[in-house]
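For reference, the chains in residue letters:
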Amino acid sequence: EVQLVESGGGLVQPGRSMKLSCAASGFTFNNYDMAWVCQAPKKGLEWVATISYDGSSTYYRDSVKGRFTISRDNAKSTLYLQMDSLRSEDTATYYCARRGYGSWAFDYWGQGVMVTVSS
Amino acid sequence: DIRMTQSPASLSASLGETVNIECLASEDIYSDLAWYQQKPGKSPQLLIYNANSLQNGVPSRFSGSGSGTQYSLKINSLQSEDVATYFCQQYNNYPTFGAGTKLELK
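In order, the protein sequence lines correspond to chains Y and W.
Here the working numbering is used: the first residue of the first sequence is 207, the next is one more, and so on.
Here the working numbering is used: the first residue of the second sequence is 141, the next is one more, and so on.
Hints in this document: simulated from the structure, not taken from any laboratory.
Among the hints, erroneous ones may be present.
To be verified - Derived coverage of chain W by chain Y (criterion: at least 3 residues anywhere in the stretch with Cβ under 8 Å from a Cβ of chain Y; other residues may be distant):
| hint | segment |
| --- | --- |
| 1 | 183-189 |
| 2 | 197-204 |
| 3 | 211-219 |
Stated by the list, open to error - Pairwise CB distance ranges (calculated):
| hint | chain 1 | residue 1 | chain 2 | residue 2 | range |
| --- | --- | --- | --- | --- | --- |
| 4 | W | 194 | Y | 282 | 41 to 47 Å |
| 5 | Y | 211 | W | 203 | 28 to 34 Å |
| 6 | Y | 279 | W | 244 | 38 to 44 Å |
| 7 | Y | 264 | W | 199 | 32 to 38 Å |
| 8 | Y | 279 | W | 149 | 18 to 24 Å |
| 9 | Y | 220 | W | 217 | 28 to 34 Å |
| 10 | Y | 231 | W | 203 | 16 to 22 Å |
Source: prediction; values computed, not measured.
Glycine residues also receive a C-beta, built at the ideal position from the N, C-alpha and C atoms.
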C-alpha cells in the first residue's frame, strides 16, 4: 500500500525557516517524481514544487523561488521541503504528492501538515 | 501560467441525480487534465487523469471528457458519499488547479 506521511509543520514566525519531511513507503520511491502542493485555509490547491525521480531537476512556483528548496533522499525514501524567509501568505496545509507514470497527475497524496506563519 | 476556470463554484443535487462540473483552460492543454475529490479534513484523491481515464478503484459512475480547452467531470447516479469538493488540474505545463466545486445534497 502506498503511504506518504508528512511531518515537521507547526507555528513559525515570519522570516524564520521550517523544514517539512515526507516519508514514503509501499512503492519504489526512486522511480517517481514527487511534489509539494499547498492549500491555504478554506482555499484551493496550489502547486509548490516538483523534483525529478533522481533529484537532478527541480521546479518551483514563482512565489517560492529563492525561498523554498525541494530535495529528496532516495536511500531513505524521504522527500523534503526547506522553507526559508517564511511569510504570512505561506500559511497553509502542505501535501506531499506522487506524480504518476503515464500521466503527470498526482496519484497519491499524504495526509498533509499544517504550517502557520504568524508572530 | 495556464489559468483553469472551474464552474459552478457550488452545486446542490439530489441523490440519484446526474451532475456535471466544467473546467476551462486558458490555452490548449492537450488532455493533460486530472480531476480530484476532496472530502472535508482529508487530502485530495485522484479520480480521472488524461481527461478521461478512470483511476484504479474509482467507481464507474465518475467519468471525464473533453479536449483542447474544455473539460468536464460527470457523476452519474449521485450517492451520499460523493458530497465533497472537486478540483480540476492541468499538467501540460507547471501544474495549476481550478478553484473547486463544492457539491452538496439537496
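Hints, one by one, checked against the model:
As drawn, the segment 183-189 of chain W meets chain Y at 5 residues by the rule of a beta-carbon pair under 8 Å; at three or more, the given contact holds. Counting residues of the segment 197-204 of chain W whose beta-carbon sits less than 8 Å from any beta-carbon of chain Y gives 0, not enough to reach three: the coverage restraint is violated. Using a Cβ-Cβ cut-off of 8 Å, 0 residues of the segment 211-219 of chain W lie near chain Y, which falls short of the minimum of three, so the contact claim is violated. Look at residue 194 of chain W against residue 282 of chain Y: about 33 Å separates their beta carbons, and that is not inside 41 to 47 Å.
Range check, residue 211 of chain Y to residue 203 of chain W: about 32 Å between beta-carbon atoms, so the 28 to 34 Å window is met. The beta-carbon spacing between residue 279 of chain Y and residue 244 of chain W, approximately 43 Å, falls within the hinted interval of 38 to 44 Å. For residue 264 of chain Y and residue 199 of chain W, the Cβ-Cβ distance of about 36 Å falls inside the hinted range of 32 to 38 Å, so the restraint holds. Range check, residue 279 of chain Y to residue 149 of chain W: Cβ separation about 41 Å, and the 18 to 24 Å hint is violated.
Between residue 220 of chain Y and residue 217 of chain W the CB atoms are about 49 Å apart, so this pair departs from the stated range of 28 to 34 Å. Roughly 32 Å separates the CB atoms of residue 231 of chain Y and residue 203 of chain W, a value that falls outside the hinted 16 to 22 Å.
Hint check: violations occur at hints 2, 3, 4, 8, 9 and 10; the rest are consistent with the structure.
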